[in-house]
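Peer 1: Top to bottom, those sequences are chains A and B.
Every position in the first sequence, counted from 1, becomes a number in this note's numbering once 4 is added.
Every position in the second sequence, counted from 1, becomes a number in this note's numbering once 4 is added.
Rather than coming from a laboratory, the hints here were simulated on the basis of the structure.
One thing to keep in mind: the hints can contain errors.
No distinction is drawn between identical chains; accordingly, a pair holds when it is met within one copy or between any pair of copies.
[What the hints assert, rightly or not] Derived EDC-like pairs (lysine to aspartate or glutamate); straight-line CA-CA distance at most 16 Å:
hint, residue 1, residue 2
1, K236, E324
2, K239, D227
3, K138, D377
4, K26, E430
5, K373, E63
6, K46, D259
7, K373, E76
8, K80, E337
9, K373, E66
10, K440, D219
11, K138, E18
12, K344, D259
13, K214, E177
14, K291, E385
15, K80, E35
16, K325, E298
17, K231, E76
18, K295, D343
Protein chains: 2
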Amino acid sequence: MASQSTSQGYSYAEPEIQQFVKDFSKLILNEALIPQTDPNTKVLNFRQPLDLQKFLDLEIYEEPVPREKLLELGRKVIDGSIVPGHPRFLNQLYTGVDPYSLFGAWLTEVLNCNVHTYEVSPAMVTLENYIFKKISSLIGYPDGEGIFCPGSSFSNLIAIHLARFRHNPTLKEKGLFSCEPMVILKSEDAHYSVEKGANFLGFGTESVVKVKSDDRGRVIPEDLEIKIQQCKQKKCAPIMFMASCGTTVLGSFDDLESVADICKRYNVWMHVDAAWGGGVMLSDKLKYLTKGIERSDSVAWNIHKMSGAGIQCSAFVVKEKGFLEKCNAYRAEYLFQPDKIYDTSFDIGDRTIQCGRKNDVLKLWLMWKGRGDKAMGARIEKAFDLAAYLTEKLKSTEGFRLVLPEFQCTNISFWYIPPRLRGKQETTEWWEEVGKVAPAIKGRMMLKGSIMISYQPLSSKGLVNFFRVIIANPVCERSDMDFIVDEIINLGQDL
Amino acid sequence: MASQSTSQGYSYAEPEIQQFVKDFSKLILNEALIPQTDPNTKVLNFRQPLDLQKFLDLEIYEEPVPREKLLELGRKVIDGSIVPGHPRFLNQLYTGVDPYSLFGAWLTEVLNCNVHTYEVSPAMVTLENYIFKKISSLIGYPDGEGIFCPGSSFSNLIAIHLARFRHNPTLKEKGLFSCEPMVILKSEDAHYSVEKGANFLGFGTESVVKVKSDDRGRVIPEDLEIKIQQCKQKKCAPIMFMASCGTTVLGSFDDLESVADICKRYNVWMHVDAAWGGGVMLSDKLKYLTKGIERSDSVAWNIHKMSGAGIQCSAFVVKEKGFLEKCNAYRAEYLFQPDKIYDTSFDIGDRTIQCGRKNDVLKLWLMWKGRGDKAMGARIEKAFDLAAYLTEKLKSTEGFRLVLPEFQCTNISFWYIPPRLRGKQETTEWWEEVGKVAPAIKGRMMLKGSIMISYQPLSSKGLVNFFRVIIANPVCERSDMDFIVDEIINLGQDL
Ligand SMILES: Cc1ncc(COP(=O)(O)O)c(C=O)c1O
Ligand SMILES: Cc1ncc(COP(=O)(O)O)c(C=O)c1O
Chain A
5 MASQSTSQGY
15 SYAEPEIQQF
25 VKDFSKLILN
35 EALIPQTDPN
45 TKVLNFRQPL
55 DLQKFLDLEI
65 YEEPVPREKL
75 LELGRKVIDG
85 SIVPGHPRFL
95 NQLYTGVDPY
105 SLFGAWLTEV
115 LNCNVHTYEV
125 SPAMVTLENY
135 IFKKISSLIG
145 YPDGEGIFCP
155 GSSFSNLIAI
165 HLARFRHNPT
175 LKEKGLFSCE
185 PMVILKSEDA
195 HYSVEKGANF
205 LGFGTESVVK
215 VKSDDRGRVI
225 PEDLEIKIQQ
235 CKQKKCAPIM
245 FMASCGTTVL
255 GSFDDLESVA
265 DICKRYNVWM
275 HVDAAWGGGV
285 MLSDKLKYLT
295 KGIERSDSVA
305 WNIHKMSGAG
315 IQCSAFVVKE
325 KGFLEKCNAY
335 RAEYLFQPDK
345 IYDTSFDIGD
355 RTIQCGRKND
365 VLKLWLMWKG
375 RGDKAMGARI
385 EKAFDLAAYL
395 TEKLKSTEGF
405 RLVLPEFQCT
415 NISFWYIPPR
425 LRGKQETTEW
435 WEEVGKVAPA
445 IKGRMMLKGS
455 IMISYQPLSS
465 KGLVNFFRVI
475 IANPVCERSD
485 MDFIVDEIIN
495 LGQDL
Chain B
5 MASQSTSQGY
15 SYAEPEIQQF
25 VKDFSKLILN
35 EALIPQTDPN
45 TKVLNFRQPL
55 DLQKFLDLEI
65 YEEPVPREKL
75 LELGRKVIDG
85 SIVPGHPRFL
95 NQLYTGVDPY
105 SLFGAWLTEV
115 LNCNVHTYEV
125 SPAMVTLENY
135 IFKKISSLIG
145 YPDGEGIFCP
155 GSSFSNLIAI
165 HLARFRHNPT
175 LKEKGLFSCE
185 PMVILKSEDA
195 HYSVEKGANF
205 LGFGTESVVK
215 VKSDDRGRVI
225 PEDLEIKIQQ
235 CKQKKCAPIM
245 FMASCGTTVL
255 GSFDDLESVA
265 DICKRYNVWM
275 HVDAAWGGGV
285 MLSDKLKYLT
295 KGIERSDSVA
305 WNIHKMSGAG
315 IQCSAFVVKE
325 KGFLEKCNAY
335 RAEYLFQPDK
345 IYDTSFDIGD
355 RTIQCGRKND
365 VLKLWLMWKG
375 RGDKAMGARI
385 EKAFDLAAYL
395 TEKLKSTEGF
405 RLVLPEFQCT
415 NISFWYIPPR
425 LRGKQETTEW
435 WEEVGKVAPA
445 IKGRMMLKGS
455 IMISYQPLSS
465 KGLVNFFRVI
475 IANPVCERSD
485 MDFIVDEIIN
495 LGQDL
């Protein structure tokens, strides 16, 4: 029967498919996982886009390619990819996946469930409810609730959406046409997802008001108050302020107590973007950095950043239980049938605007179980210790200049001044020259495959391109920090 | 040194961690993958929410749980989960993950990359660009472009957002306050993501205008035209119509040619929600169902539904190249530096409003490569063949009544009328009784663990609860269809 032959190759009960699973697991272990943390391997094999296109053998054909060829293609993809778990990947706010989290992530792919109803995702709904109780208690929300989002940009949008709904619940039906304008406030150092989101959510980017930050990138509370008052004078309702715990570039933590006082005074939704710095809540030593976070209305935390849960694992938590559902519920009758055999308050899909939702909790729960609270905190502390070490090292090494006198999160920002530019007068032209150094060194690093470190200007503070090292990888040691410094000198001294 | 001991257990180079990876791979293969397609296993072990909470041993402690215990917990999660790849899971529009796709999904978890810049995701950006060329050519867009979204609900929102931007590009900065109201049109059978999205995007749910559908759930083009004219008369701009290829409940395909004529006439953005039915484009025999799709402005397609790519794999495709970026770009200076060593048009992150984005392409590309175009089409055809078989079987079996005379997508909708209700006058009370049958049988199925089939009412058509069987699993055979019918009789004849 024709239909029987077309079912071949789909069931894991077929010995050939079992063999394939074994083969690719082995390949992944030996060729991607084990080499990942070896400092003697390259962190990338750079290829220009058109070369990579050829290398990857992209074309899909009418006929299948055999399984051996598929394995070969997997190998090419590994070779064509950057290695975030490499101890010399310090480029972005994430790293390699924790082995315990990987177990959860692989199992997630196999269970292939959509987390909207208890009916089809009983275990995942149960884990999510538990994890959000746990995170709520870390934050200090007595009865918080949450949902995993596809990224903290999305979480920040959900916060704006909730703030709007609290401000005026009729907007759910009526929309923004002909309503009094509203604004969203954030510091000038806070993440750009707010502007993108303001466009998406119908506010327009001009509805975002930027509050000044101090020389270390922390919001200036007095300016927040002034900006709120100015909005009110212009008959623009200030609905939300987004505070930051760990800004993207400088790693700054806003003073949440002062922010909370002001938000309370003016009845403004206080959202905390702890996408990057949220991990400090896990450490008894470091959690002082988020002091006052329990007074906020909502928090976003990317647990796939400093804590090593696989990408993505973005928790959004709200203080008021039930509020997410009030704001988003639509109760589609084909999914949220009331006449089920269990308590349908466990059908959590209406907490968000997604319908199907990937399961992001299992990889987190297994990791957290397997590490325990203490080690989860120790991981963060270790990253901070290394940040301190690197900061001291940069201070005492000729040619390096720190952007900030102290590090705040594990972002370490600095310029490298090559010998030819040292001891000169620091004119605008001189800074322009300095601004060309980081991109040039970065290019050389990439071509050599030795390190990945990001650089960027910071126009709001008038700063030219500087390096930003991010420490998030628990396998990093002091020797890796030493290597960074040596390698930058090595690659940049002739510039 | 304290910092050294805290790094233990994180590197895959450690023999114990390698052993752990081997152990959990084996566990997953033997206890989740292999049993998945065995009709002699249960499709679920139902537990009430509070029982499951206890069973899963949720609590996270200060101290780690040992690795053996973690494996044990993984086993419990498997036991507490539904099995979408089981041949008797016919509940939702997805199934188990294709083995080739699983390879890509597992590798994705290991590569752990964020698809925003070529710098950190060179291979994934390259694959995405290729795949969207491939999908564009399937659709018939000469120069289309796309992005993977976290679900088709999100894709549908992006479509609304693009339509709004085309209608009035100044809204990107200015927002909706005090602009002329706009409406979004969809058929009454189309997906509810539009309403949720209208709330989120600032339109409000009342800005969604529902166009009538015919008795098979297909939009009535004449009513679309009337509704557009009515909007214009009320000075509401109709910015978008969302057509459907495969509606969620009835599986209806709208007549895209007629829709395209009308959308063109009134300059309305035509978005096609092919989340469910998009797979028919892969089959030469079935692609007639999407005739006219090339005339649309954008398409959403969940390749994790009928085609078995792992959840999530939601493609959003737009006809006009560059338009996504025009609408969404913000060019964050810390991420999209212009002075890189490669052509930065490969930094695709500004196509969307997300910042970090999970890689959803690798699992699709490897699957499509490994199957080839023909088999990708054959898989869909087989599901349609089985739908035809089941439809005939239901027609000829006493006690079953089809909701529609013919199936459209692989949704088969029907009532089971138990003996006590047969041959009676079909009054409102009688229908009320019939409406209680599906939930009761479903409850018994779940408790027994024998099948999962969804049921729902369809209020827009005045229909009481009916079963909706979904066929998407390539391991399903006629015997499974026979089993469904027998089991429903078995569980429902005394009702
Ligand atoms: C401080 C901060 N907030 C929010 C985000 C956005 O998170 P995501 O990339 O998950 O959308 C980032 C991204 O790096 C960030 O650094
Ligand atoms: C027709 C249709 N469109 C859109 C969606 C939404 O897709 P997602 O669940 O990926 O958000 C669904 C979900 O089942 C659907 O059936």
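Peer 1: All hints, please: hold or fail.
Peer 2: Consistency of the hints with the structure:
1. K236 x E324: Cα proximity of K236 and E324: none, with 26 Å in one copy and 41 Å across.
2. K239 x D227: neither (18 Å within a copy, 41 Å between copies)
3. K138 x D377: within (11 Å within a copy, 47 Å between copies)
4. K26 x E430: neither (61 Å within a copy, 57 Å between copies)
5. K373 x E63: Between copies, since 8 Å is at most 16 Å while 43 Å is not.
6. K46 x D259: Classified as neither; 40 Å inside a copy, 54 Å across copies.
7. K373 x E76: between (36 Å within a copy, 12 Å between copies)
8. K80 x E337: For K80 and E337, neither the intra-copy (46 Å) nor the inter-copy (31 Å) Cα distance is at most 16 Å.
9. K373 x E66: Between copies, since 9 Å is at most 16 Å while 46 Å is not.
10. K440 x D219: neither (23 Å within a copy, 67 Å between copies)
11. K138 x E18: Close neither inside one copy (41 Å) nor across copies (30 Å); limit 16 Å.
12. K344 x D259: Intra 47 Å, inter 35 Å, cutoff 16 Å: neither.
13. K214 x E177: between (29 Å within a copy, 15 Å between copies)
14. K291 x E385: Within one copy, since 10 Å is at most 16 Å while 57 Å is not.
15. K80 x E35: within (10 Å within a copy, 30 Å between copies)
16. K325 x E298: within (14 Å within a copy, 45 Å between copies)
17. K231 x E76: neither (58 Å within a copy, 55 Å between copies)
18. K295 x D343: neither (45 Å within a copy, 39 Å between copies)
The structure fails to meet hints 1, 2, 4, 6, 8, 10, 11, 12, 17, 18 from the earlier list, while all remaining hints are met.
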